[in-house]
Amino acid sequence: MPYLANFQESARPFIPFHLPEQAQWRLESGMVRTDVMNWLDLSVAVLESPEVMRFWQEIGTSIVRTLEFEIRSLEQLYTLRRHAEVLRFLERRPFLIPLLLEAYSNIANYFGPYPQVFLEVVTDPEAPDDQELVAFIRTNLPPDEVLDRLERFDEDWWLEASHKAQGNLCIHVEFP
Amino acid sequence: MGKKYRNPPIIEALCEFRFEPGPPWDLAIPGLVYEKVRDDFPKRRQARAFETSISAGPKGVEQEVRTLYRMQFLREDEKALIQVGPNLLAVNHLKPYPTWQEFLPLIQKGFDAYRDAAAPKGIRRIGLRYINRIEIPGQRIELEDYFEFRPFVGPRLPQEFGPFIVGIQVPYEDSRDTLRLQLANASVETPNTVAVILDLDYFLTRPGKVSLDNVFEWVDVAHSRVEEAFEACITDRLRQMFEEVKG
Chain X
1 MPYLANFQES ARPFIPFHLP EQAQWRLESG MVRTDVMNWL DLSVAVLESP EVMRFWQEIG
61 TSIVRTLEFE IRSLEQLYTL RRHAEVLRFL ERRPFLIPLL LEAYSNIANY FGPYPQVFLE
121 VVTDPEAPDD QELVAFIRTN LPPDEVLDRL ERFDEDWWLE ASHKAQGNLC IHVEFP
Chain A
1 MGKKYRNPPI IEALCEFRFE PGPPWDLAIP GLVYEKVRDD FPKRRQARAF ETSISAGPKG
61 VEQEVRTLYR MQFLREDEKA LIQVGPNLLA VNHLKPYPTW QEFLPLIQKG FDAYRDAAAP
121 KGIRRIGLRY INRIEIPGQR IELEDYFEFR PFVGPRLPQE FGPFIVGIQV PYEDSRDTLR
181 LQLANASVET PNTVAVILDL DYFLTRPGKV SLDNVFEWVD VAHSRVEEAF EACITDRLRQ
241 MFEEVKG
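Chains as they are written, first to last, in the working numbering: chain X, 1 to 176; chain A, 1 to 247.
A few of these clues could be false.
Said to hold, decoys possible - Below, a list of computed lysine-lysine pairs in the DSSO-like style, where the Cα atoms sit at most 30 Å apart:
| id | chain 1 | residue 1 | chain 2 | residue 2 |
| --- | --- | --- | --- | --- |
| 1 | A | K4 | A | K121 |
| 2 | X | K164 | A | K95 |
| 3 | X | K164 | A | K121 |
| 4 | A | K95 | A | K3 |
| 5 | A | K121 | A | K3 |
| 6 | A | K209 | A | K43 |
| 7 | A | K36 | A | K121 |
| 8 | A | K4 | A | K95 |
| 9 | A | K43 | X | K164 |
Hints are computed from structural coordinates only; laboratory data are not their basis.
Bound-form chain X, shown alone (with noise of 0.2 Å):
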């Protein structure tokens, strides 16, 4: 019984623990609620016995089972571009992991609902070990609605939370 490491790659790795697209964040009472029954992969399961989910679920106080069901809920809201570089820079900055999932709510509510945002690692040419993360928030509004748009999101959320990514964020727009 051949396991093929392939086909892994061409796929997520089997984490029973994906948001689907509509689930919904709610920052004022830090809960995500998402209707089950949207969850493709494993509805049946879940209808025929939640502890089954519970089980698979488990993450409690490991602190690497909490780091990666961080990164799977960043998955679910990010298009990480050359992913294994984006997953190395998080890991040893774990502390931009909740900004990021504050940040994508906040990016909906100035961008619209589901807004495609891929994160990105971008290197100073000039200095290699100089990098920081850039959220790039893909829009098809025009021009001036988008810099009156990111003028408000800077002035009413992302100057007072910049702090918390200690200089390793940045936020911006990008056209297709």
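With chain X's structure known, arrange chain A on it following the hints.
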């Protein structure tokens, strides 16, 4: 005494205690614990944690992920830490895992500090958990070459498969304790390898069946059970890869 390996696959070991509440939880308790452990765990930070639940509500089946906060006290190298929350204590050791003889005193230190500071009434749950990440060279491996615990794929099914997960719960001590055993594929970090997570969690199933004074007898037995189960899960081929240290 279990086997020792030069390249052990443990990426995290943790011992978690959930207590029967004593006096009402006081926000000063983490600070009191810190005072008792700060020599060994000088760094402090607040961390997020998650608890999940699934419930049937008026809108159908819903899953909730609650964010909780707990204090973490870390050793200078951040490879060992103590976590404290309401009625909760966890002692974690990340890779490189030392030995049980070195990990156990950290657990004892955390437990004694929490017990003094919070005066819990009893034990609701104890868990001793070892999470192993095993990397095997190759793009295509036969799991049976490496694991005695693995998914079984019947002969009428396609024999090649990708992502997998398999788990069981085994009762011990007349169902007072449970060993949860899980094997799953993991993200690949090293090119041309496959990675597998073997997660062993031995925990007290019946609240109150272990007294505060007998905790470390239970923990010692739990460690033996986990060690036995780990050895029973792997083949000699993996043992060779881990490079057993004799004597």
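Okay, the hints, checked on the actual structure:
At most 30 Å may separate the alpha-carbon atoms for a hinted pair to count; K4 (chain A) and K121 (chain A) exceed this at roughly 37 Å. Proposed proximity of K164 (chain X) and K95 (chain A) is supported: the alpha carbons are some 27 Å apart, at most 30 Å. Distance check on the hinted pair: K164 (chain X) and K121 (chain A) sit about 38 Å apart at the alpha-carbon level, beyond 30 Å; violated. With a C-alpha separation of about 18 Å, the suggested pairing of K95 (chain A) with K3 (chain A) holds against the 30 Å cut-off.
For the given pair, K121 (chain A) sits about 37 Å from K3 (chain A) by alpha-carbon distance, which is inconsistent with the 30 Å threshold. Between K209 (chain A) and K43 (chain A) the CA atoms are separated by roughly 34 Å; this puts the pair beyond 30 Å, and the hint is violated. Distance restraint check for K36 (chain A) and K121 (chain A): the Cα-Cα separation of roughly 20 Å lies within the 30 Å cut-off, and the hinted pair is therefore satisfied. With a C-alpha separation of about 15 Å, the suggested pair K4 (chain A) and K95 (chain A) falls inside the 30 Å cut-off, and the hint holds.
Of the supplied pair hints, the one linking K43 (chain A) and K164 (chain X) holds, its CA atoms being roughly 18 Å apart against a limit of 30 Å.
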